[in-house]
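Sequential numbering of the first sequence, starting at 1, is according to our numbering.
These are computed hints drawn from the structure, not numbers from a lab.
Among the hints, a few may not be true.
[To be verified] Derived DEER-like restraints, expressed as beta-carbon distance ranges:
#1 D206 / D102: 39 to 47 Å
#2 V22 / G186: 46 to 54 Å
#3 A130 / P16: 50 to 58 Å
#4 G134 / G155: 17 to 25 Å
#5 D224 / D25: 15 to 23 Å
#6 R34 / D224: 16 to 24 Å
#7 D230 / R255: 38 to 46 Å
[Unchecked claim] Below, computed lysine to any residue pairings styled on SDA-like, alpha-carbon distance capped at 25 Å:
#8 K199 / R112
#9 K199 / E141
#10 K59 / K199
#11 K59 / R209
#12 K59 / R151
#13 K59 / E94
#14 K199 / L128
#15 K59 / T69
#16 K59 / D206
#17 K199 / G143
#18 K199 / L140
#19 K59 / R32
#20 K59 / A88
#21 K59 / G103
#22 K59 / N162
#23 K59 / D230
#24 K199 / S188
#25 K59 / C120
#26 K59 / L123
#27 K59 / G136
#28 K59 / P89
#29 K59 / A133
#30 K59 / G257
#31 K59 / V83
#32 K59 / L128
#33 K199 / A218
#34 K59 / S86
#35 K59 / A218
#36 K59 / L132
#37 K199 / D166
#38 K199 / A133
#39 K59 / E147
#40 K199 / N175
We put the beta carbon where it would ideally sit given N, CA and C, even for glycine.
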Amino acid sequence: MPELPEVETIVRSLRPHLRGAVIRDVAAPGGRLRHPVDVEALRLACRGQAIAELRRRAKYILVELSSGTVLVLHLGMTGAFRVVPSAAPAATHERVVWILEDGRSWRFMDPRRFGSVQVCTSLGADGLPAALAGLGPEPLEAGFDGEYLYRRTRGRDRPIKNHIMDQAEVVGVGNIYASEALFRAGISPRRRCGTLSRKALDRLADAIREVLTEAIAAGGTTIDDFRDVDGSEGHFTTNLQVYGRQGQDCLRCGRPGGIRRLVQAGRSTYCCPRCQR
DNA sequence: ATATTCCCCTGGAAGC
DNA sequence: TGCTTCCAGGGGAATA
């Protein structure tokens, strides 16, 4: 569910609620997530600590505590947060609850348990968790452009869609925005990445930055589960040009029923075969 | 090394 | 109504 724009939306929403708040205690009422939730390590790290800052790296949320310890959170496919006025009893699918000194509670729900909540045990030289060291560049920061994509795709053979969803190449692009960016760039998702010209990859880098920026401005995309911290939906859904539109008319060339759905690496891809080569 | 497949888990929608 | 099948925004381990 959450790709870069959704995670960014959530971090921006959480920040004013949580920055400066002091954690009284942590509970893990919901059993294991992707990894077992080490509630003792969480308590040790969090009790009595203020939340100094919240940041996003790739699709991870980093919670920096006043002690310098960092919590590493991931939403998986169905993770969501709420901040509520009291320490209410656990709701359905609630996995981790932080009780704050001011009486509020910060709650993580995740029906499918693909998310994760971990205490970072070692920081790299860049101040980021060492466990995130293998991630590629942020697409909205310097260092990501057509030249970079060109360099990283020479001699590689996989489909370009799989390549841009590889978090070691560029972070934050998931299944929705991969299809959307390739449509905007006029590139077939099945094209072998090593065969793309520098010019085409310039267009693709621009398209990725453009679609992510627009989606952040719209508060993300809600297909089914995604909700902001206040429960609201993302508005970018209405701007999707291909995702979920199989059998509908292409918005660029107008071909009736022009949008196709295909499967790559077990994930749905949407494209217009006439517009994307 | 590189690329693809499978699996984790739960719920909703669609098909019969 | 009820049962079965398919599908889902992610990521990582296990295979080719």
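- Could you grab the alpha-carbon distance between K59 and C120 and see if it respects the 25 Å cut-off? 16 Å, holds
- Restraint check for K59 with G103, where alpha carbons must lie at most 25 Å apart: It is violated: about 29 Å lies between the C-alpha atoms, which goes past 25 Å.
- Outcome of range test on Cβ distance (V22, G186; 46 to 54 Å): 52 Å, holds
- Task: Mind checking the alpha carbons of K59 and L123 for me, to see if they're no more than 25 Å apart?
- Result: At roughly 18 Å apart (the allowed maximum being 25 Å), L123 and K59 satisfy the hint.
- Query: Straight-line Cα separation of K59 and D230 no greater than 25 Å?
  - Reply: Measuring from Cα to Cα gives roughly 20 Å; hence the hint holds.
- Query: Does the structure keep K199 and G143 at a Cα separation of 25 Å or less?
  - Reply: Since the Cα atoms of K199 and G143 sit roughly 17 Å apart, the hinted pair holds (cutoff 25 Å).
- Would the pair K199 and R112 pass a check requiring their Cα atoms to be no farther apart than 25 Å? 41 Å, violated
- Take a quick look at whether K59 and R32 sit within 25 Å of each other, Cα to Cα. 20 Å, holds
- Satisfaction of hint between A218 and K59, Cα-Cα up to 25 Å: At roughly 17 Å apart (the allowed maximum being 25 Å), A218 and K59 satisfy the hint.
- Query: Does the alpha-carbon distance linking K199 and A133 stay inside the 25 Å limit?
  - Reply: Violated: K199 and A133 sit about 30 Å apart, past 25 Å.
- Restraint status (C-alpha distance of K59 to G257 at most 25 Å): The hint is violated at about 33 Å.
- Take the C-alpha atoms of K199 and N175, compute the straight-line distance between them, and say whether it is at most 25 Å. 23 Å, holds
In this structure, the earlier hints numbered 3, 5, 8, 10, 14, 20, 21, 28, 30, 33, 34, 38 are contradicted, and the remaining ones agree with it.
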